[in-house]
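Peer 1: The lines below spell out each chain.
2 protein chains.
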Amino acid sequence: MRVAVLGTGVVGRAIAGKLSELGHEVVVGTRDPNETLARQEPDYMGNPPFAAWLAEHPQVRLAGLADAAAHGELVVNATAGGASLEALRLAGAANLDGKVLVDVANPLDFSQGMPPSLSVVNTDCLGECIQREFPAARVVKTLNTVNAMVMVDPGLVGGGDHTVFVSGNDPEAKALVTGLLTDGFGWRDVVDLGDITTARGPEMFMALWLRLMGSLQTPMLNIKVVR
Amino acid sequence: MRVAVLGTGVVGRAIAGKLSELGHEVVVGTRDPNETLARQEPDYMGNPPFAAWLAEHPQVRLAGLADAAAHGELVVNATAGGASLEALRLAGAANLDGKVLVDVANPLDFSQGMPPSLSVVNTDCLGECIQREFPAARVVKTLNTVNAMVMVDPGLVGGGDHTVFVSGNDPEAKALVTGLLTDGFGWRDVVDLGDITTARGPEMFMALWLRLMGSLQTPMLNIKVVR
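Line order of the protein sequences matches chains A and B. Residue numbers for the first sequence follow numbering that gives the first Met the number 0, so the first one is 0 and each next one is one higher. Residue numbers for the second sequence follow numbering that gives the first Met the number 0, so the first one is 0 and each next one is one higher.
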């Protein structure tokens, strides 16, 4: 499948790398490819520059946001949540129409200090904002409840015995994404929460995830829904 | 131990009943005991009137909020989250000072439709509001992430292999509450999230819990933190 992954951070890299490894034709989208490739310093988190990552993933191509989105039959929003709507506008509605748009972002707001709060919350969420602004895209919210490594390798935590969620208005889109999560990434428990408004649940879970990370002193954690 | 349980709904009944069964001297507090005892109809959820419950729990006494709080060495806030601050004001700061105040309420807001949203959220939470207004109380937030039956009998879900959280500023108060949760109620995994501001996590988890209940069609569920 032709896939666009928008975003060049740890999340975009993890998903692009895994999808490429699975045989998909992956183009990573960024606002300014030349600027992204010119960076030579690690980012503020200590991650190596994108060019170094790209050199190790020769099957992956870097392009502008619109070019990448045009390439993808499936588009993954792996941009920072606070910048996602702007990035998707640059990707262009025409390049998203009718496509499965997998939103894995969290609308984190660092302006109130650490841990971050959410910039959209409670009676709205980022997944809904995206679906409202791009009504012809088939938005599926998923994977935002775990860190980048766990997203594509759930076995890294507790042998993979834990849960991931999907929310979206389009049952076929959710089925396709669920197939990628199980057959591609190795998730064993995928709970379909319902329509895109249910993404408020996993997005607001971020508040608990951040405190769990603080208390347990590791981001290598997840929740299993016991029933 | 002398315990006050504020609130006569299903949560108050579950906790009062269990603590009484464990041998504690339990007084349930309500705004107007005569009015509470006079009710003869089931509530809107179909629960029998409080008087019927009380008749089956002769060790438990019903009193006004202030009388109950004065009795308790430990006070449990099991009122509806939207009414908790007012109920605690009626209980009286002097009757709460220095005491462990276990807050199990969720600030659910039904005014925006179902599922409810939260009336305090994101950069504040009910647990913090209570601690701010009653600075001499030793507030511990816990148990708000599961339904009333599971609170006092975690084995009802998945053999009890799941997690509950405590948040609070007072380590001794958290240790006492953790002991009640483990030795009294049978919880096996209690995660201390940190100070009372960390209660934002479990309170915001309610958004996910409500959608899980909707998707799985049962309130008999919980999460296990896998790490």
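The hints are simulated quantities; they were obtained by calculation from the structure and are not laboratory data. You may find that some hints are simply not true.
Stated by the list, open to error - Which residues of chain A face chain B? A few of them, derived with a C-beta cut under 8 Å, are:
no., residue
1, G91
2, S110
3, M113
4, P115
5, N146
6, M148
7, G154
8, L155
9, D160
10, D191
11, R199
12, A206
For each residue, glycine too, the CB sits at the ideal point set by N, CA and C.
Peer 1: Going by Cβ atoms only, is N146/A closer than 8 Å to chain B?
Peer 2: 12 Å, violated
Peer 1: Hint validation: A206/A versus chain B, beta carbon distance must be below 8 Å. Holds or violated?
Peer 2: 4 Å, holds
Peer 1: Interface hint check: D191/A, Cβ to nearest Cβ on chain B, cutoff 8 Å. Holds or violated?
Peer 2: 6 Å, holds
Peer 1: Double-check M113/A for me: the hint is only fine if its C-beta lies closer than 8 Å to a C-beta in chain B.
Peer 2: 11 Å, violated
Peer 1: How about G91/A: closest beta carbon in chain B under 8 Å, or not?
Peer 2: 31 Å, violated
Peer 1: Taking the least C-beta to C-beta distance, is P115/A closer than 8 Å to chain B?
Peer 2: This hint is violated: P115/A lies away from chain B, its Cβ roughly 10 Å from the closest one there, beyond 8 Å.
Peer 1: Does the closest beta carbon of chain B sit nearer than 8 Å to the beta carbon of D160/A?
Peer 2: The hint holds - D160/A has a Cβ within 8 Å of chain B, the shortest such distance being about 6 Å.
Peer 1: When the nearest CB of chain B is found for S110/A, is that gap smaller than 8 Å?
Peer 2: Hint violated; S110/A Cβ to chain B Cβ min 10 Å, cut 8 Å.
Peer 1: Would you check whether L155/A satisfies its interface hint, that is, whether its CB is within less than 8 Å of any CB in chain B?
Peer 2: 11 Å, violated
Peer 1: Identify whether the interface hint at M148/A stands, where standing means a beta carbon of chain B within less than 8 Å of its own.
Peer 2: 14 Å, violated
Peer 1: Would the hint on G154/A stand, with a C-beta cut-off of 8 Å toward chain B?
Peer 2: 11 Å, violated
Peer 1: Holds or violated: the hint that R199/A contacts chain B, with Cβ atoms closer than 8 Å.
Peer 2: It holds, given that the least Cβ distance between R199/A and chain B is near 5 Å, below 8 Å.
When held up to the earlier numbered hints, the structure conflicts with 1, 2, 3, 4, 5, 6, 7 and 8 and fits the remainder.
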